[in-house]
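> Line by line, the protein sequences give chains C and U.
Residue numbering for the first sequence is -7 to 302, as defined by our numbering.
Residue numbering for the second sequence is 10 to 415, as defined by our numbering.
Source of the hints: derived by calculation from the structure; they are not laboratory data.
As the structure is a computational prediction, the values presented were derived from the model and not from experiment.
Fair warning: there could be bad hints in the mix.
Unchecked claim - Simulated crosslink set (DSBU-like; lysine-lysine; CA at most 30 Å straight-line): (1) Lys126(C) - Lys213(U); (2) Lys213(U) - Lys98(C); (3) Lys177(U) - Lys143(C).
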Amino acid sequence: MHAIEARGLVKIFDGFRAVDGIDLNVPAGSIYGVLGPNGAGKTTTLRMLLGIIDPDDGVRTLLGSDRPLSQSKLVGYLPEERGLYQSMRAVDTIAFMGALRGLPLKEGVARGRVLLEEAGLGEAADRQIRQLSKGMAQTVQLMGTIVHEPKLIVLDEPFSGLDAINQGKLERMIRAQAAKGVTVIFSTHVIAHAERLCERIAIIAKGRVSFDGLVSTARDRLRPQVHLETETMDGPWRSAIPSDCKAEGNWWHFTLPETGVEPLLKALVEGKAGVRSLSIERPGLHDAFVAIAGEDAAALMDQPTAGDLA
Amino acid sequence: MIEMIKSAYVIGRRDFTAIIFSKAFFFFLLGPLFPLLVGGAAGALGGEVARDIASPVVGITMSADDGRALVAARVALAKEMGEGRFPELKLLGPSKDDPETLLKNTQNGLIAVLEGDLQKPKLIGTAGPVESWKAEIALLVTFARNGDAMKLMPVETQLVVQSAGSNKQKQLVTAQGAQVLVFMLTMLLAGMVMSNMVEEKANKIIEILAAAVPMDAVFIGKLFAMLAMAFLGIIVWGSVGFGLVTLAGSAMPSFPTPAVGWPMFAILCIVYFAMAYLVLGSLFIGIGAQAATVREVQTLSMPVTMLQLINFFLGMYTVAKINQPVETFAAIFPFSSPFAMIARAAQDPTLWHHGVAIIGQGMFALLIVRIGVYLFRRNVMKSGSGGREKAIGKRKLFGLVPLGRG
């Protein structure tokens, strides 16, 4: 069962194919990350999935419906550009955002107070948004995204602009929602967040999906890296080491051969290499990203957005 | 449909409460006071200026007897016809100076000179005053020549309450008054509704709204929030106006009963105000949604205001041309229809026309909203931060008119 399915989504702006045939499958109840550099088409894809804009081609279903806005009561959305009514009280803001999704205003106010209390902002409930710090205002908006208890939460670059403490809070909130069975999909250009949170990811570059699947599958695309330090520099054991290995003094860095770790260890011991240190490192998502999307896309991932700088 | 109405209600309720609980709403309520004050001051000043310049003087260079006879004739005629109907007469007596010299003399301040005698008068002056006052001078000379022998025939008068001719004329005044009132109210709201969507984009909340409810609901909610605010204003202004009328008592001018009767006319005026606002407002909110900055809205305000004026003038022009082709066009054309139909309500008792017009105006407003929503979804919600950087300098209003950096 998929919370979101998309087939061949295309969006063209002034002749530019911002999204160029994207396929996505977001399993219900999962935490799903959409990774890609700035301008890859993440926001446009999310907007199409939510029905904010219509695709020029392709189909998408959101919670089983091909009319995403009809499911709006079951969806919570935090856009990349955070905006709130400055003169509105924090609790009213949460209630208003709930009311937009069909939650009665009174109920929204009551739930808003509870959510703010839980987030440690109880005393700010009756203050106007303009009187809150930026981090507090972002928390209020996040509370507004979940106040109506949605089945699907869509977060566009949710970590941008947050300090480390608030990033941690947000990660905990995402995990808590997922634990309740809520599907969470978020876009990010910071691989570490996706690596920590997601079971599945889609890697988008230049409007196309380069990978859609489990994080572990993405990482398994790369062979583990071996870092070996020996006492001797030469001997019969050298035949077990790939020819393209990098040598730095007594250190040898190479990709684990497909034959696996056992034949390597046997050759090292029997060949009297005198192993001082041996580590086998599983590739990270960053390495997988570089392998899948390319060095250029990976370099763009590191560039901060306006939200990061805010 | 019900879901959309509910969503529009949520949007409208937020906007309405935000507006009426703001300090700016107090100034909105004071809004109509300013035109009244400015109008009153301008009227008083204008009257003062008019008094200063509305006394043209004609110099008389006839003999003393002829001059005295002319002055006596003027006094007698002005008594019957009104002081302002004749120029002032300044007796100069036979002069050595020629008339042109007399006219050039700034101390005299003459607009014309009458020379000769009562048998053969000659009026000398520039074209305008001579043409304007020739007949009046001829009347004065005729009276002066005949002395007491010529008197105006007394006419017996009897006053009645109503006449078709005067009623028609007064109903025209009622129609025009109602048109002006509706136009002023619409003008008051137009700029506000146009900038409303820009503010939503400026405070970046628009995407939250667009993701949660259909954009039609956002547009309609905002339109009706403004309308509700206007009605609140009308209630306040109406109460104040009613209070003033009650205080003034019989001193207030009486208006003839409109053709559809006062209660129906009042209802129709309110409905047509709402329709005029909704038709124009739907256009303005659509335009406002396309604009990215307040500066763009200000730039658009000028042509939009001109369009409003054209529609208003069309309604005004056709006010006395009921059922003529131009009036029928004005009644059908959605932007002028509310104004033209108000004029009809004042002068024509037929009611079914209004039902058709109101339905037509409502449907047109909905059509404009749909087009505005379509353009908004097509041209405005384009991309995230990456795409925005690419789009700088490439933005187009309605997808057609290139716009510079916001």
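> Could you run down the list of hints and mark each one as holding or not?
Status of each hint after checking the structure:
1. Lys126(C) - Lys213(U): holds (14 Å)
2. Lys213(U) - Lys98(C): holds (25 Å)
3. Lys177(U) - Lys143(C): violated (67 Å)
Of the numbered hints given earlier, the model fails hint 3 alone.
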